[in-house]
Amino acid sequence: MKYFLLVIVTVGLFSSCSDFLEPQSQSEYVPQDAVSLNEMLLGEAYPQAGSPAAIMDILSILDDDICCTDTLGGVIGINDDRDFIALKAAFSWQPNFWTVMKENSDLYENYWETFYQFILGANAALDYIDGVSGTVEEKNLVKAQAYALRAFYYFQLVNLFGEPYNYNKDALGVPLKLTSAMENKELPRNTVKEVYDQVLEDLTEAEKMYESLPENMQFRRDYRTNLPMVQLLRSRVLLYMEDWKNAAIYAQKVIDNENFSLIDLKSLPAKTEQQPYYNFISMESSSECIWVFGNIDSYLNLLDINLTVLEDPSNPLGESRYFYNQFNASPELLGAYVEGDLRKENYILKGRNKEQIGNNQVIIHPDGYYPYGKFAISSEYAAVVGNDFAYAFRLSEAYLNLAEAAANDNDPETALSALNTLRSYRFEEGVEEVSGITGDALIERIRLERRLELCYEGHRWFDLRRYGMPSFSRTWKVGGVTVQTYQLQEKDPSYTLPIPQDVLDRNRNLEQNKLANPR
Amino acid sequence: MDLNKRSFFATMAYSLKNRYVFNFSIRNDVSNRFGQDVNHRIDPTYSFGLSWRVMEEPFFTRVTSWLNALNLRLTYGIQGNALTRVGPDLTLIQGSVVDVYNQFASIIASIPNPNLSWEKTHTFDFGVDFELFKMFTMTFDYYLRSSNAVVSQDLAYEYGIPTMQLNGGKIQNSGVEFTVSFTPIQRKDWALSVSLNSSKNWNEAKSQQYAAKRGEMLTGSSDKILKEGYPLTGFWSYSFAGLSPEDGRPLFNYLDVPEDKRDSNIDPSTFLVYSGETEPAFTGGLNLSLRYKNLSLSSSFALLLGAKKRLPSPYEPFNYGVYIPKETDNLSKDLNKRWKKPGDEEHTIIPGFVTSQQFSLTLPDNGTEYWMDAWAKSDAMVVDASFFRCRQLTLSWNMGQELCKKIGIKSLGLSASVDNVFVIANKRFNGFDPELGDSVQPKNYSFGINVGF
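Chains as they are written, first to last, in my numbering: chain A, 925 to 1443; chain B, 51 to 503.
One should not assume that every hint holds.
[Claimed, not checked] When the alpha-carbon atoms are kept at most 35 Å apart in a straight line, the in silico DSBU-like pairs for lysine-lysine are as follows: (1) B:Lys383 to A:Lys1093; (2) A:Lys1026 to B:Lys383; (3) B:Lys170 to B:Lys238; (4) A:Lys1109 to B:Lys387; (5) B:Lys277 to A:Lys1012; (6) B:Lys263 to A:Lys1093; (7) A:Lys1117 to B:Lys391; (8) A:Lys1438 to B:Lys263; (9) A:Lys1109 to B:Lys390; (10) B:Lys477 to B:Lys383; (11) A:Lys1012 to B:Lys477; (12) B:Lys387 to A:Lys1026; (13) B:Lys477 to A:Lys1438; (14) B:Lys170 to B:Lys311; (15) B:Lys170 to A:Lys1026; (16) A:Lys1132 to A:Lys1026; (17) B:Lys391 to A:Lys1109; (18) A:Lys1012 to A:Lys1169; (19) A:Lys1117 to B:Lys277; (20) A:Lys1117 to A:Lys1195.
Honestly, the hints are just simulated from the structure, not real lab data.
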């Protein structure tokens, strides 16, 4: 008998080190303290200036403050062409505009997804903060921000995809996802009222947390959310809910905050070639800014789209080209700035397009008023893309919230006083005060002032919704040639945006909004 | 994360009388992938095998004149794979200092996932190899594999993360694979050899762990169980019911459900029809080679049976019928056969270009689908993807040694070959390749001279 036996045994060579299997890494780690969760909030829950996440930008293409340009020019090149199909669908409030945008161009953004990604960051902070080390102050600072951000995101979501609170608060809003846990479950939509209640609850918690901190931690110029931001947001939410008394109280808290003051447009530094426009969306240059957020690039994606003009070939450089902006500020908005109102020339960029005709020769083609101008503008008369923010919570909104709440609450004195205070910082010397009006006339007057003051900051569309969803029309033009006029009916279903199809495809328990007929 | 791993590995082989071989191996990986949870760091794999060389048995010596080899093999293994598992902690990735904020930022690397259990695969394999009359060799294998694989599933957007890992359900695969080579003639002037290989796989979804969505059922999945009892690679389609005699738009069965009966959680297979499997049930290859003196001819054929696929929609450049295509788009010839006037529905299944404002229909699950898109995903566009293909034909000639010597070279060879000689497939492919759908595989002719000095 022959036996052949072979046994090989290899035992791990590295077993001497007892902590070898402890999780370790420089870049990936399990958060153990409040500081780590605070860093996570910045990375996951803040709409940073330098990140491409779009949360607000669709709003400005929907309202009555923009129109198509009347200048000449054409759509040239296949990409432009697809972008124009996408923009036209959004501009005309088509019931399938998300799908058309998605299928035609990369201008499509899934806002629903982006908001919920930020909400996850806030939820994760709230879920884990009690289990990590850190002082009470450090933990409360994390909680305060997480509640403030979550409230803001749900407020935006419910106003994009749910009917207006003052019109039908029992309508479907958005699903409330309040923890970071993953489940194999598809959440149904909560009602508009339930979402608003959650927003108020989060704002209450945020306020409580900020108030537990020493005063120098309640507001810091560190680009994080802060107590006055929470108070201003609360006054806005209450205004939308028509809780006039409390809306006024919270607006007043912001006005009384000594960290902020209105900028007097009369005494702005003179415009120079280097800085033709003042930057109002900045914690450094604007004493009105309470919190800044969002990215300029994604705003420009939708509202800085060019029409091309081919110049005549007798030009010494051969065929040259220059561009006009497809979207301009609407004549209704521009016409509402009366003589002496300094906001038109400061808030709305008057475009200048350059055409290169020789090596160092350029022709400047003056363009219309562009639908932006409050954020950083370069010496080239173009928006600065990079580390500047697109949106802000500003002090002037507090004055307008207070005025509107007081006017609705039969307190015309307070309303007029707030209105005139704001206006005294916005006009040339010797402007007449608004006086002698009450009731609906006063409310209308305040609404107009709100439109003039807060244009292109993501307010107008939501304001139109709560004003009763009025009917208005807009005309799609290309190169000044009318293509079609579209009418938004009073209380049009399009005032509540359809839920994008890709969102519905992933959650079968979501019910689509009532859709308008194709226009 | 730095992945620290420690492995134990042991293998043992034991051979008795040179005819019974027994082997066993165990491998145990321990890793820190699972964070602080010590119990979840171990991940063992075992396998066990037995083989028997029958020819070495004394009582078999009699038949060695015609039976030249016979081996039987048997293996069984358990493989656990936990490396895809996400740990029980929230983990972050440390980022750099963010401009403007001048603070560090971190992003989420993973969120704890409570829905995951071990991925475990059991494999059983039985094989036979034999050789007869020194001209006929065959290898035959039967396998049975059951697994509960971890798959990635799209998560609803409200969760803030795009996908989640979960166990895709119990899947059982069984199949046979065999290779036969036959060399009936092997003489000085003549040689002929034939080899045939083939495989057939059966799989069955044993238990379903989540409800499949409509989109998944329409495209099919290769790793998730869409419906219990159906093959893993099955897919479903809308049921086409002809074209409307009025405007030539496509009509469908089972979709017309009154509004109050619609339910977003309805099982999509109640309004879709099963279309078959995307993977073939049988694949086979045949290679033939024939030699006469210095001239040889070889050929290679492939046969694939039982797979189904959808034809590309001629309306694709129209964005499913919503837009007029651009003049630069390349359009399908099939559009000439589209519905143009009432009566055409009798002899065409290609819808007319719908000009009304209404392009979409509402489904029983409250979803919407463009007509043209639904038609493109309907059973009208499903065809049998079986084919028989001649992959290659080669004719070659080598000059004899003596002749070479005479003209002072070492060797000389000439060869000519054709690739993708022909393919026999469903005529609905319109001459396009059944594997590519909308183009053809190029026919390559090549000619070669090989001279050795």
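Exercise for review: Find the hints from earlier in the document that the structure breaks and name them by number, from lowest to highest.
Suggested key: Failing hints, ascending: 1, 3, 4, 5, 7, 9, 11, 13, 14, 15, 16, 17, 18, 19, 20.
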